Structures are given as C-alpha cells and as structure tokens.
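We have chain A; now place chains B, C and D with the ligands onto it with these hints.
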Amino acid sequence: GSTKDAARPAAGGAGAEAGRAGVVLPLLTSPFWQAYNNYVPRMAKELGVETLPTVNSNSDPAQQVTDINNLVTQGVKGIVVSPLDSAAIVAGLRQAENKGIPVVAVDVAPESGKVFMIVRANNRAYGEKACKHIGDQVKKGKVVQIQGDLASVNGRERSEAFNQCMKANYPDIKVLEIPAEWKSDVAAAKLDGLLNANPDVKGIYLQAGGVYLAPTLQTLKSKGMLRPAGDDKHIVIVSNDGIPQEFDAIRKGEIDATVSQPADAYARYGLFYVKAAMEGKTFRPGPTDHDSEIVKLPNGLLEDQLAAPLVTKENVDDKALWGNSVK
Amino acid sequence: MSAPLVEAIGVGKRFGSTVALADARLTVVPGESHALVGRNGAGKSTLVSLLTGLQAPDGGEIRFGGEPAPPLADRDAWRARVACVYQRSTIVPDLTVGENLFINRQPLAGFGRISWKRLRAEGRELLDQWGVEVDVDARAGDLAVEDRQLVEIARALSYGARFIILDEPTAQLDNNEIERLFARMRALQESGVTFLFISHHLQEVYEVCQTVTVLRDARWIITAPVADLPRAALVEAMTGEATALGEGVTESRVGPDVPVRLAVSGLSGDAFTDVSLAVRRGEVLGLAGSSASGKIELAESLVGLRTPSGGSAVLDGEALPFGDVRRALDAGVGCVPRDRHHEGLVPELSVGENSAMTIAGRLGKYGVIAPSRLRAHAERAIADLDIRTEGPGQPVNALSGGNQQKVVMARALATDPRLLVLINPTAGVDVKSKEALLAVVDRIRAGGTSVIIISDELDDLRPCDRVLVMRHGSIADEFPAGWHDHDLVASIEGVTRD
Amino acid sequence: MRRLRELALVPALVALIVLGAFVNENFLSYANIISILGSSAALAMVVLAESLILITGKIDLSLESVVGIAPALGALVVIPAASAGFGLELPTAVGLALIVVVGALVGAFNGFLVVKLRLNAFIVSLAMLIVLRGLLVGATKGKTLFDMPEPFFALATTTFLGIPISVWLAAAAFGVAGFFLRYHRLGRALYAIGGNPAAARAAGIRVDRVLLGVFVVAGALSGLGGLIQTGYVGAINANQGANMIFMVMAAAVVGGIAMDGGRGTMSGALTGVLLLGVVTNLLTLAQVSSFWIQSIQGAIILVALMIARVTTGRAQE
Amino acid sequence: MRRLRELALVPALVALIVLGAFVNENFLSYANIISILGSSAALAMVVLAESLILITGKIDLSLESVVGIAPALGALVVIPAASAGFGLELPTAVGLALIVVVGALVGAFNGFLVVKLRLNAFIVSLAMLIVLRGLLVGATKGKTLFDMPEPFFALATTTFLGIPISVWLAAAAFGVAGFFLRYHRLGRALYAIGGNPAAARAAGIRVDRVLLGVFVVAGALSGLGGLIQTGYVGAINANQGANMIFMVMAAAVVGGIAMDGGRGTMSGALTGVLLLGVVTNLLTLAQVSSFWIQSIQGAIILVALMIARVTTGRAQE
Ligand SMILES: Nc1ncnc2c1ncn2[C@@H]1O[C@H](COP(=O)(O)OP(=O)(O)OP(=O)(O)O)[C@@H](O)[C@H]1O
Ligand SMILES: Nc1ncnc2c1ncn2[C@@H]1O[C@H](COP(=O)(O)OP(=O)(O)OP(=O)(O)O)[C@@H](O)[C@H]1O
Ligand SMILES: [Mg+2]
Ligand SMILES: [Mg+2]
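Chains as they are written, first to last, in my numbering: chain A, 3 to 329; chain B, 69 to 566; chain C, 629 to 945; chain D, 629 to 945.
In isolation and in its complexed conformation, chain A is listed as follows:
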C-alpha cells in the first residue's frame, strides 16, 4: 500500500476546512532545526495545511509539554511535534489525546502515548552509518567520537549505536570519546587536547555537523592535521546533519561523508501526515510513495522511516539533498 490508497474521506467537511495545525520545535540553536523551521511554512503552503506560527520549546522538555497544552487551548486540530525526548513528551501527548487531537511526532519516537504517525530517520542509523564508513576505511587504530549532550536522546542514541557497531564490527579500532554537550568551544578544546596525546587518530565522528564541523576543521588546521582525502595522513571524518557547509567540506575533501538528516522531508511529511489525520485518513504498514517504508513499532505505533542518505563525494551534488537547495 502507499500513502494514497489508505485514504478514507473525512467524516465532516472539506480538507481545507479541517482546521489549523500547530508545529512544535525542540530548539532553534541548531542549523538543522532552523532549516526545518524554514521548511514548515513552505511545505504547509504546498500541502494546503493551515498552520500557526511554529513554537520553540528551547531545549526544555517541560516547556514542550506546556507548548502542547497551549496549542490545545488554542483549538488546533492537529499537532506536529519534534520531541526533545522520547519519554519526556508523553504527558503532552496525553493532553492532546484527551482532546482528540492527532499528533505527528517528527525525529524522535515517543516511548508511549498515542501518536498518529512517527516521521523520522533513525538516530541509531546515523551512528551506525558513520561507524561503518569510518570503520571500513580505518580498520585499525584510534577513532574519536565527538558526542552530543548525553542527556539528550540524540546524543545518547548516536553514541550508543556508534560504540556498539564499532565493538561488534571493528574490534581493532579504539574509540576515544569527547563529551561536548553540543558546544563548539568544548569540542575544540577537548579535541585539541586529545590530539596532543593521540596524534595517531585516524578517524573522527561528529554527532552534529552544525556545531562540531567548524571547531573540528579549525583544530585540525591549527595542528597541521587537516589533509585532503587521498593523502595518507588524511583523517577520515564523518558528520551528521547534512548542512551546506558539510557538503562544501566534502567537496574540498576535508571530510569524507555526512549523514543527511532530511530537514525538508521531515517538514513535508510531518505536515502531510497531520493533514491526513485531520482529514480522518489512516495508514497501514508498507512501502510509501516516497522511497520509505511505514513500519509498525513494537508498541503499536506507526513509523514512516524516511531515508537518511549518506552523502559522500559521489552524491554530494545531488539536487535532491536539502543541503543543496537552501542557502
């Protein structure tokens, strides 16, 4: 089945009159979410969904619950939320559920609670893809992982996935960790220090290109360790996010790859599903019409697993990548 054939006409009234939807952002201080935020109104227009201005929870899970409450109070008919945390969103979901308002979760799958659809590219997949790409090239030696805030679901899951994959597949690789709390200066200072003691590092995994790309390149540059791909002293670097600056760095050979987290698709399908929900449609597991698959999670929720392509020198100029269409 595809997303289309599952449609069931809404009980009352035309689609355009289905009511307004609210969109809750987790934070705005990362380029990824900023890009997402920019796509929301654009995609809403394309899809014909009426949305309220986006609401920013500013990295505070309690604020996110409050934001959902406020949207409920304002009488929205559907909510698209990007949870800050898989669990610390459940109370908010319950509020919406009590009022019969459908919720689409973007980027993070709630542990429990009722959501109409989860739209995400798997966090763990990022860590694994990065691990494989680095592991296949490095095979043996030291690899640095610049971690996000371990108190956040993204930082935690990417770290776990990367470590587990390394342990399972590349026993000769030693992972050095830099907990950097999504802070660029912390990343720079710690990488700087770590490289002094371990000048033989062969690979680096950046859990967020938007925050860690610049300090990593800057630090390597200042230590004369930034060699282009192909040079035998080149350090294999894989990043996450898929922002334009990462693409530039890939083109220059400074880094090898990034996992593009599809900001555009997040916005598009978040709104797509909320619109469908407001119109009373339903979906079933199976492939979709946009190169993804809807799966049923163990807790019964549906998840549309969007593709998160690994971008390398080969496909970096692909126009379909969102990083190539924003500036």
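Don't read these hints as lab results, they were simulated from the structure. As the structure is a prediction and not an experimental result, all values here were calculated from the model. A couple of the hints might just be wrong.
As a list, the in silico DSS-like pairs of lysine-lysine whose alpha-carbon atoms are at most 30 Å apart [what the hints assert, rightly or not]: (1) 321/A - 744/D; (2) 254/A - 744/D; (3) 204/A - 235/A; (4) 169/A - 144/A; (5) 142/A - 169/A; (6) 176/A - 769/C; (7) 141/A - 744/C; (8) 315/A - 141/A; (9) 176/A - 134/A; (10) 315/A - 144/A; (11) 79/A - 769/D; (12) 141/A - 176/A; (13) 225/A - 142/A; (14) 101/A - 283/A; (15) 769/C - 169/A; (16) 298/A - 769/C; (17) 223/A - 769/D; (18) 204/A - 144/A; (19) 315/A - 169/A; (20) 47/A - 769/D; (21) 116/A - 101/A; (22) 254/A - 176/A; (23) 144/A - 769/C; (24) 315/A - 223/A; (25) 134/A - 144/A; (26) 769/C - 116/A; (27) 321/A - 254/A; (28) 142/A - 744/C; (29) 744/C - 204/A; (30) 769/C - 134/A; (31) 47/A - 254/A.
This is chains B, C and D with the ligands only, laid out in the frame that chain A set:
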C-alpha cells in the same frame, strides 16, 4: 557585701595575632553601677562580647551570681542574666521599629502565632516611655541614627534583666537625649538594676557610675570607686602617663582684618534654610546644635556630599561646586565625614591607601600610583597624627576606632585643604586620641586653613574661635571664644538664656 | 506603604491579563488558566525554596539540579534494571520518600559548606549545581526514566475540583510558608538573619542552626518540585531542571525578594511566578515568532523589574 | 600574609600538573600546554571582565551572551546575505570594530540600569542574558555563521613565537589589568568602590562614572573574548557563550575574587582560569568516562574552593 552579680576572672581573648584581652578581670556587685573605660582598642567591647555570651573566652572564666556562665548555645539563659546595647548596631534595618523591639520574643496569640496587634501596642508603649516620636510601623533602617540608638536602648532595658551593659550608648545622642537616658538609668538603678557603662565621655562616668574599671592594652589596670579617682588620675590610668588636658581657646585669634575665606549666603537645603555665615582664614568655627538642627546637612552641603536647593557659598572668591566631592576637593575643601564606618574608610584597604585616597592622582604620573610615594605619604601621616599601626600596609579595619578616625583625618588633610570641615571628628575616640586630633586642628589652623567643627561635644568645641548654634535649620546663637559651658549647652538645647 | 512593595507587580500582572484577554479569546478560558497554573507549579515550589534562602541572605543555585537528581534517584531505586533502574525495585513509597530525603541531604550538604565552613554560598552552590548535573547524567547513563509507577506522576495527573494536585500543593506550600514567615517567630528569624546576622545572634536566634534548617527545607521543597515536574513531563530527562535557576531567580526577584536578604514576601514571590507563567503563555498564544519569543520574554522581565523599582521607589541593591 | 590569598590556588594547580604528568606523558608536552592556553584564552578574557566588575561589588551575568551576540553582529554586517548575513557587506574592519562596540554598548546599557536606575545587578544582567541570547537566535535565525573573512579567525589561528595571538592578547590584557589595578588610581578606585562605595564617594572618587566605565570595559573585553572564541571554533553558533558564565564565575571566585567586592587580584583570577583549563584537559586526556566527567569537574572546583578557603584562612562570605 552580697555575691557579685557578674565576674570575669582572668579572661583572655585573641583574634589571630591580636591580643584583645589578656588576663582581664571585672567584678560587678549588685546595685553599684560600674564604668568600664580605656583607650580605643583596650578590649572593652571584647569583654562585653564575653560577658554577653557572644563569644567564649580563650581562657579564664565568666560567672554570674557565683555560678558558672551558661553554655554559649543557651541564648535564653544568657538573656535572663544580661541585656546589652552593643557598640555595633543590632537593628535589623528592614524590620519595623516595633518588631526590632521584640526580635525573637514577639508577643504570641496562641498556637505560637505572633500577635502583631499586641506587638504594636507594646512597642508603642515602650517608645512612649522614652519619648521616641517614631511610628512603630516605620522601617527601622529609615530612622535617624539617634532614634535607632534610642530604640536599641529601649529594647535592652525592656528585657527585664537585672544587669544591663551599655557600650558607648551616648556616642550618637545629643545632650537632651543623653539626659533622658541618664534619668531613666537612675530610675532603674533605684529599682535594683545594675549597669555596666562604657563611654569615652569621662564626665558621664562620674555622673552615673559608682565604680570604675580601667583597661589598658588588653589588661586590667585598676578598679576603684569613682570618687577615689579624679579625672586626671583616671586619664593617667588609661594612658599610662600623666597628661595635661588642653585648656581651650579663651579668646578669638583672628581679627576683623583677616580676610574671609568662606562666605555662605542664603544657603538652603535638606534640613536647613537661608543660612549665612563667614569664616576667616585660620579661623576655627564651631557649629553646634541638636541632631535635628540641620548642622550636619549644612556641613555635608559644603563638602559636596549633598546638593543644596538654593543660595551660594564662595571660597576665596570662587563659588563652591555643590554635589560633587571631587570638585569640592579640587576647590580646596577637605572633610571628615560623620561616620567613619559609613563614609570614612574602605575597611579592606591599607592604612596608606585610605589616607591617600583623596590624592591618588598626585602620587605619580598619568594616574599611576608610585608605591614609594604612597608609602612616604602614609608614613608622614602616621607620624604626624600618631596613628598606632604596624605600618602603612596594614588593613585599616585592623586598627582600633580612634586610630581609624585618625586615618580619616589624614585623608582629609592629604589635599592640603583651605577649608577643613570636621563632622563629629572625635566620635568614639578616646581622650588621648581626642587631644591629638584637636592638636592637629590647631596646627593646620596656624597654617592659615579655616576649620569648621561640627559637634555638640563641648570638648570638641573648645579649640574654636567662635561657635554658632543651630536650631531648626537656622543659626540661632553665636558664642565668641571664652563661652561658659552652661550657656552653650542651654542654647544647644533650646533653653532661652535669661 | 510596606504592603505596597509586595503588590508592586500586581498592576503589571493585571495589565498583562487584560492584554491577554484581547490578544486571544482563549486566554481567559478555564482550561488555559488551569494550564498556566499547572505549568507553573514546579517552578513555584523551587521559587518558594529559593525565596526562603534568599530571605536569610544566602543563595542556593543547585536547587535546579535537585529538581533533576532527587526524583531520578527516587525512580532509580524503584524501577527495574530493565528500565535503566538500579534494580533494587524498592517499594514506590520508599522511592517517593527518597526524593524528599535526597533534596534535604543536598540542602544539608550545601548548608554545611556555607554555614560551617563559611564558603561563599553562590559559588559553593554553583559547583554543586555542576556536580549534581553530572551525577544525574552518570546515574541515568543519560537515559530518560519513564517506567515509574503511577504515583510518581500523580501530583500532576490527578486533579481535585478540576485543578491538578500539584497546583493545590504549591498553593498550600505558599500559604503555609507565607503564614509562617509572617506569624511565626522562626519565620521572622529568617528576616532578622537576612537583615543583620549579628543582631539576630545577639537576640538569641541560633543563626547557624536556622540557616542549616532553611537549606534543608529548601532542598526538600525542590525535590518535591522535581516530583511535580516529573509528573508534568511524564518522565525524568537527564536534563531535568537544567537552566531552571534562571527563571527561579527571575521570578523571586521580580516578585520582590531581595538578593541581599531580609526582604520579600511569599505573596510577592507568588506574583513573580504567575507573571512569568502568564508571560510565557501569552507569548505563545499571541503567536510571537519563535525566533524572538525568548528575547521578548527577557525584555518583559526587565520591564517588570523596572516597574517594581518605580512603584516601590526603592533601590534594589 | 596578604599575598598569600592570591596564591592560594597555586598548590592545587601544582598538584594537578604533577598528577597530569603521571596520567599522560603528553600532558606536559609543549603542544599540549599551548592547547590548554589556546583553549582558555576566550574564557580568560571574560573572567578578566567579570573580575573587574566583581571587584567593584557588582556582577554582570550577561557577559556570556555578549560572547555570542557581539561577534555575531560583527559578522552579520560583513558577510553576504547568502551566508545568512544582513547583506550590508560592510568592510571587515568595521565588523571587527563593531564587535567591541556592541560589547561596550551592552555594558553601557547594563551599567545604566544598575548605576543610574539602581536596579539589582544580578537580576538585571540575568534578564539581559536572556534577552541577548534570544536576540542572537533571532538575528541569526538560528543559523551558524561560517563565511566570515579570515581576520575574524586570526586571533586564534595566527601564532607569534608558536603561541596563538589570542593567548598573547589575553596575557597582555591580564598584565595591563593587573598593573592598572595595583598601581593606577582608577584601578585602586575599583577596590575602594567595592569595599565601601560611600567612602569612595566621600574621597572624591566619581563612583557612578567609574562603575559605568567598568561595565563598558567589561562588555568590550567580553566582545573580544567572543572574537577569540569565534576564531577558536571557526564559526559562530547560535549557542555561542551559552552557560559560559558558570565557568566564568567559578574561575573568578576559585581564583580569589570576592563575590561581594573589594577583594581579589588578576594573578589570582588567572590561576583560576588555568586551573579550569588544566582540569578539562586532564580529564579529556585521562579519557574519564564521559558520563562522569562533568561531576568530577564540579567536584574538583568544589575541592579547589575548600583549599582556597583553608590556605587563606578567611571566610568567603
Ligand atoms: N573580630 C575581631 N577580629 C580581629 N580583631 C578584633 C576583633 N574584634 C576586636 N579586635 C581587636 O581587638 C582589640 C580590642 O578591640 P575592642 O573592640 O575590644 O576595643 P574597645 O576597647 O572596645 O575599643 P573602642 O573604644 O574603640 O571601642 C582591637 O585591637 C581590635 O582591633
Ligand atoms: N584618589 C583617587 N583614587 C582613585 N580614583 C580616583 C581618585 N581620584 C579620582 N579618581 C577617579 O579617577 C577618575 C578621573 O579623576 P580626575 O581627578 O582626573 O577627574 P577630574 O579631572 O576631577 O574630572 P573633571 O575633569 O570632570 O573635573 C574619576 O572618575 C575619579 O573618580
Ligand atoms: Mg568598643
Ligand atoms: Mg580634576
């Protein structure tokens, strides 16, 4: 004789390297009010803190009625034995006057609930007994200093203790208020209350006490009936040497031909209106009056601490800048402010730096302070004013009160002022230091500087060529040198002379 | 006159509410008012705790970390190892009690450092804030805890007369504290200590003991605040409470609690909390651009401060 | 005796360095020492700025936000609209100058509120911190700014005698400030004001003017710190400077700057900065579990405080 009310036996107390008390002793017997005197830093207040259980002695023993003192933690037991007005204010500024009177013993209304109604009523009653005309609901911090002091006294006396310590209670009070305090003390003495009284005004000791103990350099010197110890002997016991007390000026030393240095005309401000006066070169002018007379506000206006609302002041032909201390200093006005703790000293900074604070710009090029010049300046000031200190580098808060006051004086003199304004220059200063400070005044007067002394202590006013008395914000009387004490006192208190 | 400063914020609050009613018809709806109250309950508990400490002239920044670590430890001893717990699986009641106990212990430790070792409260509690934040990440391995038994959430999810228990609890706490501070000797002692510790000591108040007690009570209250927060959010994130102290201090000071001790009332602190709650709610309802909402919120706090300054006519130093 | 308190941290610092040498042979390598210095330069500038304000008895929490907003505005007027700039494309020099000017202006605004309106410095600067953080997000629309001309990075990327210019700059700033505070009357005026503002005024020091000046200078220095940070990380993130104030206060107070004004020296503050830099570096080299690193760091700060307390034998209240 019955058992002593309180005894300190061989008590000692050190603060770091400072010995505040060494083997000191004190015995107060019931019904015999006791004076404790000594120079600044002799250890009087320290002894008070031991006697009231604020601190434990390092050695020795405190006994009440023959029994050992209660443990420090048992504040209630201490409070039952002794009440005290400390030298440092124990008013809580943000609480009301009423609550300050009853801190930690507010009247209760059942279920441990404070009865504010009763608190107000009882507070009002207490204030009325003292004739303190302030609102019980006023914020204590907004009170004038003397009212605050009266509130403290009223509180201490209301505890119902049979033994009451007063540590320099009169330093902030005007004559009228002191008289009221003494009247009250005498009444309480008659009803069996015993006082331990500390003051640098020795005549007060003779007025209200029967016995006196002298401390010097942290040690006990003598205890004797006041009658056996005339003033000269008392001072000798305090200072360790025979001191001839100054006589005071008997007639003006400046004639009408001496040019006028400061001419004030029609000056009005916060608590004074339309004041005009003139001070000649080398003249020492006294400015007396009760605390509400406006004399302090007038003085503070002259030195730039306040901005008057009207009128003018001319110093050597040039208008005095108002409301700007820096410019007043540049114009040649030096000042000893009213309260050394508040406006006088920066406690953490050294003696040298405090003494040179007004001339920091002159101690080197481009505002850089040359350490050698700072040191030289400070050493000169220490020698000139006989400041007792380890040296220019010692933090000023380690000095005793009198010596701190001398540092404030040094700061005022540093700019070589043409007009020196001294507000309560000897408050809390011991007799010997007082002499020294007033001698300095005499010396700079001889150099042509004009001096205004704002005080209503007669000893401070003796070096004056002329004393003006202010009442209700204007000048009421003028006394040329050679005045009689009782005339001046009568005028200050507003009793018309016959 | 003295009452005036407590009520300094009321005009600002009223103005905001009137504004809100115009901006969005839902603002004054019953549901929205409940929502404002429910979202402010946890903050209110911590503001109450901080206010008690501020009145004595001290400060405890680490209360924000207590909001995270206390319920987390309470949960970790209860939930099974499979849910990232310690695997002790103690009874729920023990876990709940532990929350308050952990808060009190942290308070006692801070109090000890400040009162007995005479370390500066600001910086001690700053260091503790960092330590506790780190401990929370370490103890949970960064995981979010959510498999707690229902009672962990009950404060926020159960209602009485349509209002969450958390709101009743916060209201009761403010009521008790307010009464205590106004009508009990011990409460008045906090003001005396904050205003002039030497005088308080001379008046027979056991300054050190009272201070220690206040730190302990504040820690326990913050633990409770953390429990409310847990119920409100439905989970304990390893970041729970992070940066909350900014809002706590803002609410307390906007509400007229003096930073240097000795001044402030519970009714004032409560208006501070409500002001922040109303502002946040109003800005969302007014659909202010999410890019500017934060700076506008800060600006409103600033303006509220100035209003408080002007209406009370007192310097805030 | 008086010198002692400045050096209170030196034993702790030495102990850490010896420990570091054992833990990792590279710790004392030239490159690693440069790394520690380079990574501490931005913090050092802000600590210097905060110390000046603390010595006068005030506080400015919003300096951390200046570290973000000042270089961001400087960059926004320079970089093209395509790189998220304002599209003004002013000359690079103007952008760089603007960084310092913005810092100074923020300082002046805070100073105005604190000195002229007599608002509480802690809470005013807290509100400003929130406002400026919000403005940074709003001005950059959350974007990270990358495409600045080379001079924006030069402080951290250019070296002189093998040491980054940023380190020389910080060293020079500390040297000048140290001299100034010790030997210049304006510097001494800061101590006088912090120790007793009324006495300072009565001694002819223009308290308000000096205070205002200190706020302005501190703002400008923090702007510079932000520029160093920009060079060090190679971009301006919308989070730049966030939460930095915790470390700033910790470094200053561990380094012996009194929170209540009038006490502290530049050499002390510098040891505070170095201590934090050494601790972070050491914990990274030792590859302490990333889950526990934060709490260990906090604990070390706490212990350093206690050591400082014991060696100086002074209460820190
Ligand atoms: N808390 C303290 N710390 C350090 N030194 C102290 C302390 N209290 C008092 N001193 C020192 O102990 C000595 C005695 O001080 P004390 O206050 O008892 O003098 P005093 O006789 O009351 O003087 P004054 O007449 O000026 O009030 C002084 O040298 C003083 O500097
Ligand atoms: N003794 C001092 N110690 C420390 N700082 C001082 C001292 N004297 C002046 N200052 C401060 O140094 C600054 C410059 O002082 P300066 O005396 O040059 O000002 P000024 O020339 O009196 O000012 P104006 O030109 O407005 O009259 C002032 O802000 C003042 O507060
Ligand atoms: Mg004394
Ligand atoms: Mg000048």
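Comparing the hints with the structure gives:
no., hint, verdict
1, 321/A - 744/D, "violated, 57 Å"
2, 254/A - 744/D, "violated, 54 Å"
3, 204/A - 235/A, "holds, 8 Å"
4, 169/A - 144/A, "holds, 13 Å"
5, 142/A - 169/A, "holds, 12 Å"
6, 176/A - 769/C, "holds, 21 Å"
7, 141/A - 744/C, "violated, 56 Å"
8, 315/A - 141/A, "holds, 20 Å"
9, 176/A - 134/A, "holds, 14 Å"
10, 315/A - 144/A, "holds, 24 Å"
11, 79/A - 769/D, "holds, 28 Å"
12, 141/A - 176/A, "holds, 10 Å"
13, 225/A - 142/A, "holds, 22 Å"
14, 101/A - 283/A, "holds, 18 Å"
15, 769/C - 169/A, "holds, 19 Å"
16, 298/A - 769/C, "holds, 28 Å"
17, 223/A - 769/D, "holds, 28 Å"
18, 204/A - 144/A, "holds, 6 Å"
19, 315/A - 169/A, "holds, 27 Å"
20, 47/A - 769/D, "holds, 21 Å"
21, 116/A - 101/A, "holds, 12 Å"
22, 254/A - 176/A, "holds, 27 Å"
23, 144/A - 769/C, "holds, 24 Å"
24, 315/A - 223/A, "holds, 21 Å"
25, 134/A - 144/A, "holds, 15 Å"
26, 769/C - 116/A, "holds, 27 Å"
27, 321/A - 254/A, "holds, 18 Å"
28, 142/A - 744/C, "violated, 54 Å"
29, 744/C - 204/A, "violated, 52 Å"
30, 769/C - 134/A, "holds, 24 Å"
31, 47/A - 254/A, "violated, 36 Å"
Violated hints, in rising order: 1, 2, 7, 28, 29 and 31; the structure is consistent with all others.
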